[in-house]
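Asker: In case you want the letters, here they are:
Protein chains: 2
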Amino acid sequence: MQRALSVTRDRFADWYQAVVRDADMAETSPVRGAMVIKPWGYGVWEQVQGELDRRIKATGHENCYFPLFIPLSFIAKEAEHVEGFAKEMAVVTHHRLKNIDGKLQPDPAARLEEPLVVRPTSETIIGDAFSRWVKSHRDLPLLINQWANVVRWEMRPRLFLRTTEFLWQEGHTAHANEAEARAETMQCLEMYRAFAEEVLAMPVVAGEKPENERFPGAVGTWSIEAMMQDGKALQAGTSHFLGTHFAEAQNIRFQDDAGGMAFCHTTSWGVSTRLIGGVIMTHGDDDGLRLPPAIAPRQIVVVPMLRDKPEDAEVLKYCEVLVEALNKLSVFGQPLRALLDTKKIKSAEKRWNWVRRGAPLIVEVGPRDASGGNVTVMRRDDLRDGDKIKSFVKARVDFLEGAAQLLEEIQAGLYAEAKARLDSNIKRGITDWAGVENYFAGGDDEFKGWLRVAWSRPSGAELEAVDAKLKALKLTIRNAPMDQPASFAPCLFTGKPGAEEILIGRAY
Amino acid sequence: MQRALSVTRDRFADWYQAVVRDADMAETSPVRGAMVIKPWGYGVWEQVQGELDRRIKATGHENCYFPLFIPLSFIAKEAEHVEGFAKEMAVVTHHRLKNIDGKLQPDPAARLEEPLVVRPTSETIIGDAFSRWVKSHRDLPLLINQWANVVRWEMRPRLFLRTTEFLWQEGHTAHANEAEARAETMQCLEMYRAFAEEVLAMPVVAGEKPENERFPGAVGTWSIEAMMQDGKALQAGTSHFLGTHFAEAQNIRFQDDAGGMAFCHTTSWGVSTRLIGGVIMTHGDDDGLRLPPAIAPRQIVVVPMLRDKPEDAEVLKYCEVLVEALNKLSVFGQPLRALLDTKKIKSAEKRWNWVRRGAPLIVEVGPRDASGGNVTVMRRDDLRDGDKIKSFVKARVDFLEGAAQLLEEIQAGLYAEAKARLDSNIKRGITDWAGVENYFAGGDDEFKGWLRVAWSRPSGAELEAVDAKLKALKLTIRNAPMDQPASFAPCLFTGKPGAEEILIGRAY
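Chain order of the listed sequences is A and B.
Reading the first sequence from the start, the letters are residues 1409 to 1916 in this note's numbering.
Reading the second sequence from the start, the letters are residues 1409 to 1916 in this note's numbering.
Do not take every clue at face value.
Computed, partial: chain B to chain A, Cβ under 8 angstroms [said to hold, decoys possible]:
| hint | residue |
| --- | --- |
| 1 | P1475 |
| 2 | F1477 |
| 3 | A1498 |
Here are the computed distance ranges between Cβ atoms for each label pair [to be verified]:
| hint | chain 1 | residue 1 | chain 2 | residue 2 | range |
| --- | --- | --- | --- | --- | --- |
| 4 | B | D1547 | A | A1733 | 27 to 35 angstroms |
| 5 | B | R1564 | A | E1656 | 30 to 38 angstroms |
| 6 | A | S1779 | B | D1790 | 58 to 66 angstroms |
| 7 | A | D1716 | B | N1659 | 28 to 36 angstroms |
| 8 | B | G1468 | A | E1722 | 20 to 28 angstroms |
Think of the hints as simulated: they come from the structure by calculation, not from any bench.
Glycine included, C-beta positions come from ideal geometry on N, C-alpha and C.
This is chain A alone, in the form it adopts within the complex:
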């Protein structure tokens, strides 16, 4: 069978690389670990940004921009934060280059007194601003977000999933008390869950991370976890309750009603270009990417079947009118995005390009379609009938009338497919370690899924022992899902009474 990709999903890691490359999403750059995001990949990011930004603003947050560089002394202020990030930061030490002995190099005379760190995250530099902005309880809550690039040095980079530089949004908020800050943390977690499921069509499990997986400096970290088609988990977003740790380190205080000074409770939360990796591994198939229509840069691509003949003009005109009409429609609360592909390459090549890129609907128009007032439609989510490519002919007027609904159907279908996979691959009922070993036995490439087991929520050294045991099988605790039963089996690790259920799996 002819496939649009040269690799199938049974070699999942290679397949992922092939999709990223052949769908024109991104490529490696000469800077180790940093990627070039190509137009189609960046177009997906623009859709992610647009829709998430609307949701962030709808919940009262305002966008700002803070400096890329953070003074070394800021990073040093919060002890756990240093511990967590110091190992992977890009450090700026000079502010000028000089030609010395015919070779361009950092100018020794332009050495910075205090080195600057390229932000790996912005709690410290934003906290510094908060300490100036917050004076009284009337300034609270302070609800800020920024869209920015961040840098965390990566020794084993993978495009979108783990890159030295990535794009993200980071929300930072300050509150008058713990209850409000915790409510904010949960509100943002829920925003991410809804966004992942409604917009990315990527089902997730929201829950709390165990103590050893917390953000450095946080009191509590929550995540959304998605299941990829190889059964591995992808942490797709996190929301942190920071207590007063950062407020104390940076003196973020306010005068309360009684006139006394109190430290703020702060939060932070973020999602990144990693989401695009998640979309690829959730929805891609052996022909390439399948994009949920809500984030497809182009939801409908119209390919005119031209043959260098006089009737080409009529076909083109027909296509132009069609695309214009499509672009006047609305879907998912936004204008529909259709494209007329007029590139000077063969129509068949165009078809395969858009299949690989995952355009939700590909519409081919030949002379017969044009004269008959029809279109020939391919659904990317339902591409094949056995070995053959499926297409259906529809009257132009009917297609136009039903286009928005069809896109919504595709969106819902992709979600349902992924949701079924997630739900049917979370195994419950295993109560001892032998059961865990047994479940995860076999080759690395074998599809596994996750376990949902009870534990006693151990801490400190006891937790470290659990972590080590799991790591030996390349496993981690993903999170403790928000929906918990009323009672628990005994802890699989310690035998003590169960305190909550957690998800265990392999992860990206």
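Position chain B relative to chain A; hints supplied.
Answerer: For chain B alone, kept in the frame of chain A given last:
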């Protein structure tokens, strides 16, 4: 007279700082030369981005994202480029911090083999991608844009105008021949001119920069120049024709129709957060900022006049319905942006906040307005009648019906005012150096404006002499405007036959 600002425009530099601060646009940060862009300032940037991005895409360009870091060897490839930028770059030399003797510092074991430069502009790293992407003439033109942060070390930073880090867009294109690349350069210059005038209401003069003011590595640089209220010029955007300089340095070649290999002709063009400084200095008055409605994050702000009395509920409800109705309207081809200010501070304080921030229309609603079905409106562009604040009462329905048109009127009025200032302060007819000295005599704070004079377009050493002469009076050549007469006076500097007319002025 009570003013919303403590400084007036006769102390222009101090006034600028006061507006940036009191209109909540931006503030300095602990990182020398880098600014924090606050919500209102960032909101303006979002409007600039949104509208310019639509125009960039409408002319066929696609957005991408390229790495923040550039290998040192890339910068070294284009000789003039090195010369122009090497002096002001942030250099990353290490990728890890370490606690040594109780002090966090760059880890000597994590020293980079090749230092990385934080991008001051991306010709070299994007050119590297172009060299992979362009293979045949069918890949051309390649039309790319990116929205990004860039870093150029600044010794004398000024918020928005000259900051070590700033936000911008940079367009980069590759073409099969010189004519197409030159046409692209001019198309983008015209896009910037139209954007500045139509959206920022900031009249500009588009023209070519003299040889000594070209972008490092360019064959030709064009700019748009705006006149600030102190008479100084602000270079507000540039468009560069790069010839084959960068293509040769980076091997951007294509197979032409005849099968031979040819170097591409490339262009680049950009505008930055500097535009916001231009908007402030073009439209601000002694009460603060006046924002053109097209880029005001909130075009209409509704302030309920609450008095902690039972009728407050009715006033609030009335305001909510009003704002909801306003937000359903369209203006400048986008949804109208209205805000209900429910902050818990006094109404008078709110009024002055919005005056300082430059919201185009401020609507106050008291119990009498609410019960009478009216609104009380202040126009920020026409705020005072002598010492008093002007307002007018309007029926709610009439205000709603006319709101979009009123905003368009304000936009046009701000443009007309600035355009009159620009046109009446470009002095022509001076033909000798004494005339120049005379025109620019007097204190630095005195309003000057620009001269439009003829010159012979000297080059090399002859141009350097002209440049030195001008610099002694703190003057520079801004550009040679696109509209040139058919014949010229003799060159003011060399006495040779005139070749074109140029603008001379003081500049930011």
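Asker: It remains to establish, for every hint, whether it holds in the given structure.
Answerer: Outcome of the hint check:
{"no.": "1", "hint": "P1475", "in the structure": "holds (4 angstroms)"}
{"no.": "2", "hint": "F1477", "in the structure": "holds (5 angstroms)"}
{"no.": "3", "hint": "A1498", "in the structure": "holds (5 angstroms)"}
{"no.": "4", "hint": "D1547/B with A1733/A: 27 to 35 angstroms", "in the structure": "holds (31 angstroms)"}
{"no.": "5", "hint": "R1564/B with E1656/A: 30 to 38 angstroms", "in the structure": "holds (36 angstroms)"}
{"no.": "6", "hint": "S1779/A with D1790/B: 58 to 66 angstroms", "in the structure": "holds (60 angstroms)"}
{"no.": "7", "hint": "D1716/A with N1659/B: 28 to 36 angstroms", "in the structure": "holds (34 angstroms)"}
{"no.": "8", "hint": "G1468/B with E1722/A: 20 to 28 angstroms", "in the structure": "holds (25 angstroms)"}
Figure legend: structure checked against the earlier numbered hints; every hint is met.
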